[in-house]
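Work out the full structure: start from the sequences and follow the hints.
Chains as they are written, first to last, in the working numbering: chain U, 19 to 359; chain D, 10 to 88.
Derived by calculation from the structure, the hints in this document are not laboratory data.
Watch out, some of these pointers could steer you wrong.
In silico lysine-lysine, DSS-like type, Cα no more than 25 Å apart, as pairs [stated by the list, open to error]:
#1 LYS231(U) <-> LYS216(U)
#2 LYS96(U) <-> LYS216(U)
#3 LYS236(U) <-> LYS45(D)
#4 LYS68(D) <-> LYS96(U)
#5 LYS329(U) <-> LYS102(U)
#6 LYS231(U) <-> LYS86(D)
#7 LYS216(U) <-> LYS68(D)
#8 LYS86(D) <-> LYS216(U)
#9 LYS50(D) <-> LYS39(D)
#10 LYS50(D) <-> LYS96(U)
#11 LYS325(U) <-> LYS50(D)
#12 LYS45(D) <-> LYS68(D)
#13 LYS86(D) <-> LYS21(D)
#14 LYS200(U) <-> LYS33(U)
#15 LYS96(U) <-> LYS70(D)
#16 LYS102(U) <-> LYS200(U)
#17 LYS325(U) <-> LYS20(D)
#18 LYS331(U) <-> LYS68(D)
#19 LYS70(D) <-> LYS216(U)
#20 LYS86(D) <-> LYS219(U)
Remember, it's a predicted structure, so these values are computed and weren't measured experimentally.
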Amino acid sequence: MINSIFVWLNDQLLKMTWLERSVNNFLSQILGIDIDTLLFKSLSFFIYDVIKIFLLLAVLIFIASYIQSFFSPDRTRKILGKLKGVPANTVGALLGTVTPFCSCSSIPIFIGFTKAGLPVGVTFSFLISSPLVDLASVVLLASIFNWKIAIAYVIVGLIIAIVGGTLISIFKMDRYIEDFVKESIQNQSGKVDFDDYKMTKKERYNYAIYQVKEIISKVWLFVLIGVGIGAVIHGFIPQTWIETILGNNNPFSVFIATIIGIPMYADIFGTLPIAEALVLKGVGIGTVLAFMMAVTALSLPSMIMIKRVVKPKLFYMFVGIVTVGILIMGYLFNAFGGFLL
Amino acid sequence: MEIKVLGTGCKKCQVLESQVRRVVEALDRKDINITKVEDIKDIMSYNILSTPALVINEKVKVFGRIPSSDEITRWIKEI
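The following block contains the structure:
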């Protein structure tokens, strides 16, 4: 009983099956497009996905931002300062998912955390998980695929962040931060001259509304492009082509997906529709997750930021660990992840 | 009075700067000097963790979010 209520809510609110039906009815009955044509499939995919993603985004960003307003970076730093070793990496990765963060703040966060005496490895656990796993993207994953895949994605994302940060600590990578960061650490104490200010309810509400506008104004184009590519894949590209390149029979599928994804700069919201279309075309779940993770965890702008505060050795180690982590994850999911679909 | 807006040039930082300028204009305070700090080393000397940030008379009032006009007005009047 409870289960069937959950399934119903899931279908109506997350998968929005009512919306898909309405879009299809509109296209077939009012516009008179034949259901079996490729044009119909592409149009239906595009309209349904765009409306669904924007509706979900607005609601999810509001909820996520409201929660985030309780987790300032300063608070995160205080919590992490009390921990050591792998627990510190684990909590760093977990807090990365809820602490408000944009890639333009990665330099201040890096320097601020390091100044407070946090090991560089812990900071990297935070920096890896932050773009990779966030509340809104997890619910969107559940909406487009299912909860099992969403949860698997979170767990794998956290593992990559924890293991990556721990390895950076083990190899004593603290040495390889840029000189100007070291100087700034020696010159001043890490204490912020700042009144710890508690936001009122109304301010949290305003902040959440502001975030919705801000994020949507930033990602809408990515989403449209993503859905557009997804629609083209969905309707026009023959399944056999995609299977040859990205299908499970090609041993390099995960590798290709990861390498294509790394330099791409898109929000996870823009990659989801592409992922959706690829899965519908029979691409393995591991390959698709590898693509999404590569796009979000490593992108040119974020790599340029990180490169400014660390020396090449640590930078390449960071990129290497994340890439290898994504590759291993992708092949494991392709081999054993069939039960998730 | 000295007001500084710290930010590397992200969009939020520009929004904060124009908001501060609007508030100061509305209060008609010609004694307030507004500067934008864009160098990362100078920004980090205030030990903030995320941008943008608002500094009034060398004291960090807020960072990581854009305060409302009311808040900014209140801070200015407090001093």
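Checked hints:
1. LYS231(U) <-> LYS216(U): 23 Å, holds
2. LYS96(U) <-> LYS216(U): Satisfied, since the Cα-Cα distance of roughly 16 Å is no more than 25 Å.
3. LYS236(U) <-> LYS45(D): Within the cut-off at roughly 23 Å; holds.
4. LYS68(D) <-> LYS96(U): This hinted pair holds, its Cα atoms lying about 20 Å apart.
5. LYS329(U) <-> LYS102(U): Given pair LYS329(U), LYS102(U) holds - Cα atoms ~24 Å apart, limit 25 Å.
6. LYS231(U) <-> LYS86(D): 30 Å, violated
7. LYS216(U) <-> LYS68(D): 17 Å, holds
8. LYS86(D) <-> LYS216(U): 20 Å, holds
9. LYS50(D) <-> LYS39(D): Since the Cα atoms of LYS50(D) and LYS39(D) sit roughly 29 Å apart, the hinted pair is violated (cutoff 25 Å).
10. LYS50(D) <-> LYS96(U): Status holds; Cα separation ~23 Å.
11. LYS325(U) <-> LYS50(D): 16 Å, holds
12. LYS45(D) <-> LYS68(D): 15 Å, holds
13. LYS86(D) <-> LYS21(D): 24 Å, holds
14. LYS200(U) <-> LYS33(U): Between LYS200(U) and LYS33(U) the Cα gap is close to 49 Å, so the pair fails against 25 Å, i.e. violated.
15. LYS96(U) <-> LYS70(D): Roughly 19 Å separates the two Cα atoms, so the pair holds.
16. LYS102(U) <-> LYS200(U): Cα-Cα ~21 Å, so holds.
17. LYS325(U) <-> LYS20(D): Roughly 22 Å separates the two Cα atoms, so the pair holds.
18. LYS331(U) <-> LYS68(D): 37 Å, violated
19. LYS70(D) <-> LYS216(U): 12 Å, holds
20. LYS86(D) <-> LYS219(U): Given pair LYS86(D), LYS219(U) holds - Cα atoms ~23 Å apart, limit 25 Å.
In summary, the numbered hints that this structure violates are 6, 9, 14 and 18.
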